[in-house]
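Colleague: Let's have the full structure, built from the sequences with the hints guiding it.
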Amino acid sequence: MKKYIFNLIATLSIIAFFIGIQPTSWSVGYQPELPDELR
Amino acid sequence: MNLISVHSIASNLSNVITQELNLDNVKRAKISYGLEAIIGAIIKLVIFPVIFLVFGVFKQSLIAMFTIAILRYASGGMHLKTFISCFMVSAGLIVSIGMLAKVLVINHYLFYVLNFVSFIIVLLKSPVDPPEKPIKTKQKRYIMKILSVLILLLLIYISSKPIENDVKNSIILAVYLQVLTLTSWTNTIYKYINQLKLKAKEVS
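Heads up: the protein sequence lines correspond to chains Y and C, in order.
For the first sequence, this note's numbering begins at 1 and goes up steadily by one.
For the second sequence, this note's numbering begins at 40 and goes up steadily by one.
Watch out, some of these pointers could steer you wrong.
Once the Cα atoms are required to be at most 25 Å apart in a straight line, the calculated SDA-like pairs of lysine to any residue come out as [said to hold, decoys possible]:
#, chain 1, residue 1, chain 2, residue 2
1, Y, Lys2, C, Asn61
2, Y, Lys3, C, Val55
3, C, Lys66, Y, Asp36
4, Y, Lys2, C, Glu59
5, C, Lys179, Y, Ile15
6, C, Lys120, Y, Glu37
7, Y, Lys3, C, Val206
8, Y, Lys3, C, Ile109
9, C, Lys141, C, Val206
10, Y, Lys3, C, Ala68
11, C, Lys179, C, Ile109
12, C, Lys120, Y, Lys2
13, Y, Lys2, C, Ile109
14, C, Lys66, Y, Leu38
These aren't lab readings, by the way, just hints derived from the structure by calculation.
Modeller: Written out as structure tokens, the structure is:
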């Protein structure tokens, strides 16, 4: 059950990453800083 | 002001998930970034409407918030460095738009002049990308510019229809605010806000 929930959170986060990775913002004024691993 | 940082919550949670699911470092970074975006969006979506209700500008501010979000997705604009400063500045500005939208009567000529100026600014300036995350290809920049102009024209068209005055004001004031974030003078204001000690506390 714990693994299933973690998998769900991981999948949702990766979807949000692909949407939010746009250089322009997807929200009102703040965009998370891009981690060094993804630069 | 010390608050628990959204970044550190997302980072810690992504570490736990990565260890549990045996994922690599790149996946961890993607999960951390995505989680930060999700947590930030949930906080805003829950708390903003409450703030709007408290100030009695629920409808006007909600319309303004979504107008900014839609236009900003394509046009970009200045960013603040921390979630908490963004949260406070955004809430303040959107509530102000809601309050102004209730009382303001915009003259027809002024409405058309401001719309024309907005159109020119969007045409020349958009998309405004953050230096740490630039748009890499010319083609993408071109697509984002076309999309920004189309969204702007759609919003101007909606606001020029015979709708309630407060709804019209909310849309158009939100458009003007978003267009202002494309110009360089907001750099100065944003730099000043970023210098304020609105840093969140890192938790480990």
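Colleague: Taking the hints in turn, state whether each one holds.
Modeller: Each hint, compared with the structure:
no.: 1; hint: Y:Lys2 - C:Asn61; result: holds (14 Å)
no.: 2; hint: Y:Lys3 - C:Val55; result: holds (11 Å)
no.: 3; hint: C:Lys66 - Y:Asp36; result: holds (12 Å)
no.: 4; hint: Y:Lys2 - C:Glu59; result: holds (9 Å)
no.: 5; hint: C:Lys179 - Y:Ile15; result: holds (20 Å)
no.: 6; hint: C:Lys120 - Y:Glu37; result: holds (19 Å)
no.: 7; hint: Y:Lys3 - C:Val206; result: violated (46 Å)
no.: 8; hint: Y:Lys3 - C:Ile109; result: violated (35 Å)
no.: 9; hint: C:Lys141 - C:Val206; result: holds (9 Å)
no.: 10; hint: Y:Lys3 - C:Ala68; result: holds (19 Å)
no.: 11; hint: C:Lys179 - C:Ile109; result: holds (18 Å)
no.: 12; hint: C:Lys120 - Y:Lys2; result: violated (34 Å)
no.: 13; hint: Y:Lys2 - C:Ile109; result: violated (36 Å)
no.: 14; hint: C:Lys66 - Y:Leu38; result: holds (9 Å)
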